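**Student:** Below, each chain spelled out in residue letters.
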Amino acid sequence: MFYRLSGVYRVNYVSDGRMFKVPADRNLAVVFLFLGLAAPFIVPSLYLNSYMLPWLIWTAAALGLNLVTGWAGQLHLGYAAVMAVGAYSAIHAARFGLPWEIALVIGGLASSVIGSLFAFAALRVKGLYLALTTLAMQFVMDWVLTHSPAISGGSHASLQAPTLELLGQEIVSDTGYYYVAFGWCVLVTIFMLNLKRTGLGRALVAVREKDYAAAILGVNSFYYKILAFATSSFIAGVSGALLVATFFFLAAPEQFSVNVSIQVLAMVIIGGLASVIGSYFGVALILLVPGLVNGVVTSASQALGMQVNVETLAHIPNAVYGALIVVILLIEPLGLGKLYGNIRDYLMVWPFDQLRK
Amino acid sequence: MKAKQIINAAALSVALAAGGAVTTAQAQSDEPIRFGLCFDLSKSYTFISPQVAQAAQDLAMHVNASGGIDGHPIEMVVKDHGNEPQRGVECYEQLKRDGVFIFNFLSTPVTNAVLPRVMKDENILMQSFVGRGDAVDGEVFEWVFPIGPTYWQQAANDIAYIKSQFEGDFSDAKIGFIYLDYPFGQEPIEILKTLAEKEGFELELYPVPLPGSDQAGAWSKIRRDKPDYVISWLLAGGHVVASKEMRRNRFPIDRYLSSNWLNEVDIANIGAEEATGILRGTNVAGGQEVPIVKTMLDTIYAEGKGSGPESSVRDVYYNTGLAIYSSGIEAARIAVENDGWPLTPESMKAAYESLSGYDGNGLMAPLTVTGEDHGGGGKTRIEQWDGETWVPLTDWSADYLDVVWEVIEESSSKFTVD
Chain A
21 MFYRLSGVYR VNYVSDGRMF KVPADRNLAV VFLFLGLAAP FIVPSLYLNS YMLPWLIWTA
81 AALGLNLVTG WAGQLHLGYA AVMAVGAYSA IHAARFGLPW EIALVIGGLA SSVIGSLFAF
141 AALRVKGLYL ALTTLAMQFV MDWVLTHSPA ISGGSHASLQ APTLELLGQE IVSDTGYYYV
201 AFGWCVLVTI FMLNLKRTGL GRALVAVREK DYAAAILGVN SFYYKILAFA TSSFIAGVSG
261 ALLVATFFFL AAPEQFSVNV SIQVLAMVII GGLASVIGSY FGVALILLVP GLVNGVVTSA
321 SQALGMQVNV ETLAHIPNAV YGALIVVILL IEPLGLGKLY GNIRDYLMVW PFDQLRK
Chain B
111 MKAKQIINAA ALSVALAAGG AVTTAQAQSD EPIRFGLCFD LSKSYTFISP QVAQAAQDLA
171 MHVNASGGID GHPIEMVVKD HGNEPQRGVE CYEQLKRDGV FIFNFLSTPV TNAVLPRVMK
231 DENILMQSFV GRGDAVDGEV FEWVFPIGPT YWQQAANDIA YIKSQFEGDF SDAKIGFIYL
291 DYPFGQEPIE ILKTLAEKEG FELELYPVPL PGSDQAGAWS KIRRDKPDYV ISWLLAGGHV
351 VASKEMRRNR FPIDRYLSSN WLNEVDIANI GAEEATGILR GTNVAGGQEV PIVKTMLDTI
411 YAEGKGSGPE SSVRDVYYNT GLAIYSSGIE AARIAVENDG WPLTPESMKA AYESLSGYDG
471 NGLMAPLTVT GEDHGGGGKT RIEQWDGETW VPLTDWSADY LDVVWEVIEE SSSKFTVD
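One line per chain: the protein sequences are A and B, in this order.
Mapped onto the working numbering, the consecutive letters of the first sequence carry residue numbers 21 to 377.
Mapped onto the working numbering, the consecutive letters of the second sequence carry residue numbers 111 to 528.
Bear in mind the hints are in silico, worked out from the structure with no lab data behind them.
Model, not experiment: these values are computed from the prediction.
Be careful, since some hints might not be right.
[Unchecked claim] Label-pair restraints from in silico Cβ distances:
| id | chain 1 | residue 1 | chain 2 | residue 2 | range |
| --- | --- | --- | --- | --- | --- |
| 1 | A | Phe116 | B | Gln275 | 46 to 52 Å |
| 2 | A | Ile351 | B | Asp208 | 35 to 41 Å |
| 3 | A | Leu152 | B | Asn174 | 52 to 58 Å |
| 4 | A | Gly315 | B | Asn174 | 22 to 28 Å |
| 5 | B | Arg358 | A | Leu207 | 55 to 61 Å |
| 6 | A | Ile351 | B | Pro419 | 38 to 44 Å |
| 7 | A | Ala58 | B | Thr526 | 32 to 38 Å |
| 8 | B | Glu252 | A | Val42 | 53 to 59 Å |
| 9 | A | Ala141 | B | Ser464 | 56 to 62 Å |
[Claimed, not checked] Footprint (simulated), chain B over chain A, 3 or more residues, beta carbon under 8 Å:
| id | segment |
| --- | --- |
| 10 | 69-81 |
| 11 | 261-270 |
| 12 | 309-320 |
| 13 | 330-336 |
[What the hints assert, rightly or not] Chain B residues, not near chain A, derived (Cβ > 10 Å throughout):
| id | residue |
| --- | --- |
| 14 | Pro142 |
| 15 | Asp180 |
| 16 | Ala270 |
| 17 | Glu456 |
| 18 | Ser466 |
| 19 | Pro476 |
| 20 | Thr504 |
Don't be surprised by glycine CBs; every beta carbon is placed ideally from N, CA and C.
Model the full assembly from the supplied sequences, consistent with the hints where possible.
**Tutor:** What follows is the structure, encoded as structure tokens:
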């Protein structure tokens, strides 16, 4: 009824290789694409620049982490450090006078190089040991940033980004920033959607499931792991650079500290490993819900006329938010993406599947 | 129904004829002056932000009780940003749309993240003790008011105090600097090195990793080096650990000179008796003998109407909050007095820059803010804990201004980009 399908049947290779196997999914994606394009005209500017814009950029970043953690199965606790490399290289390149297009690519490549260099060393170990090694990268990066004024921009460790300029167009308006973020997020999303249709994606999944089994099948697991790290780091680098160029306007080490790494990982896990739509949900939950819960709790206490101490008031949302994460993971350990998938699957051939029950 | 409408209309026209100006003026005078307090009330800065928020709210209550500013009440809008830059930006953008143009974020990462927006929107940013130190340079950071001393100035004043203890002879003095090894603690190093070269004392650096709970290595080095004074850029629990190490290594606590971040909570954790003699450089008078703090205790807290627990009032960070907001409210008062209603960022800026010798009735070092110096002169004094309260050892003063300003200007010149 909702999806106008009697089921998903794999009848030929062409239809099986499609990005969207259900036409309704494609239509939904197109609707959201247009909604995204129209957002500056329908969403108030406050929501556009302080909710949607960071949401899109962080989604792009989370998708990058999902590539390495969700698809290739490598736990990464130093993702923010990789974003920092991209952000700082891009800004330094832009400050040096290079056009932003090139600066962004430089940022991405620098991240890629550092990220995969670390992976070279790190991939000799697996699982939790790898997680700890990536965590070490985070701390090394934190240390480098706070101890080298040449990189971080002086004793105050804040480096201002020059005005963003893309394709000869100076970007200064909220709408402009939004479209840059939107464009990047769409690009990464398309890449990730296509990933599972390619040999690379299949190889990554094989490596994730059992790397030596993959090796027996002729998949060079080390090569694909490095490739996953390099690709994800590139996405991280550009996302980090865009985050600074369109949202913070200056880079500071705290924006890429260890808790940010944990946050991105939380986004990916709560959203759902190897789920594209899950990353959108996960980022929304981790990034936006604390502020929203805060607003709800504050207005509720005002509406009820309760005299609550400001400090208590600030801690209640944290408790609510923590409980929310626990509840979600209890309901569906595979994350919000899977939760969405369950609802979708239930409705797929509804109500005809009811006849069978 | 009909009759009522006619009466209303008649009343309205009479009112309009009689004095439309008066009614509008009255309507306006209810309009509040709003300060945006986007604070970290739940993560890293909770050791100070509740006291500052409480002080701000109490101060607003106090001013409003006597009629506000020219009839306009003061409103403190307090919100939590959890020390997350993204939520700080969100708070700023939201309050900006609600018509707030005086902001304080009380967190270095958030202040830094919001700074470019505030500068672009030309709103007032209060950032005492947080954010970039070079923001006192009013010619570069036109809209930023970091009232109070920079960490550079504090360190320089500390050196001046130590010099006075040596009766001006630094030839065989050795000064240690123990600091958290991240930007907050590293900030004074440059100025200390410059002064060591200029004055000829020996400077020893003792970095301590975050969060300052492991200082064993640093203090055993201090025991070997035997510095005459140790200047400390530690926070909260760091002081407590330092006090234990001082006892262990037999370093006299009255040679331990902290930055302004040492409060009654830390003293209680060290032990009020144990802490006797500890020194702190500050621009805000500590204790409850300060007139405004006394007034608060006698009026608002005596009536049980305080914005928080009374115990927080007996905390020097409460005084710090009063200092930050009394200068802000004073600037708003001058702005309304000089340029009339409505208060605008421009009139507020001009008023701030006209503050001269303002000390909040003995609450803080006299402030003289100018277009060039948005810090207010950077005066501090050294206070000593006597077991019960803070006793001032020196007068308010600021030294080595030329050296400090050289660093400020060198740093602020790097801020601007095309």
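**Student:** Hint by hint, say whether it matches the structure.
**Tutor:** Status of each hint after checking the structure:
1. Phe116/A with Gln275/B: 46 to 52 Å: holds (48 Å)
2. Ile351/A with Asp208/B: 35 to 41 Å: holds (37 Å)
3. Leu152/A with Asn174/B: 52 to 58 Å: holds (55 Å)
4. Gly315/A with Asn174/B: 22 to 28 Å: Holds: the Cβ-Cβ distance is about 26 Å, inside 22 to 28 Å.
5. Arg358/B with Leu207/A: 55 to 61 Å: Cβ of Arg358/B to Cβ of Leu207/A: about 59 Å, so the range 55 to 61 Å holds.
6. Ile351/A with Pro419/B: 38 to 44 Å: Once the Cβ atoms are compared, 39 Å apart, the range 38 to 44 Å for Pro419/B and Ile351/A holds.
7. Ala58/A with Thr526/B: 32 to 38 Å: holds (36 Å)
8. Glu252/B with Val42/A: 53 to 59 Å: At 57 Å between Cβs, range holds.
9. Ala141/A with Ser464/B: 56 to 62 Å: With Cβ atoms ~60 Å apart, the hint holds.
10. 69-81: holds (count 4)
11. 261-270: Three-residue rule met by the segment 261-270 of chain A, so holds; n is 4.
12. 309-320: Coverage by chain B holds here, the residue count being 4 at a Cβ distance below 8 Å.
13. 330-336: holds (count 5)
14. Pro142: Fine: 16 Å to the nearest Cβ keeps Pro142/B off the interface.
15. Asp180: Since the minimum Cβ distance to chain A is about 27 Å, Asp180/B lies beyond 10 Å and the statement holds.
16. Ala270: holds (21 Å)
17. Glu456: Glu456/B is indeed farther than 10 Å from all Cβ atoms of chain A, at 22 Å.
18. Ser466: holds (28 Å)
19. Pro476: holds (27 Å)
20. Thr504: Label holds. Min Cβ-Cβ 27 Å, cutoff 10 Å.
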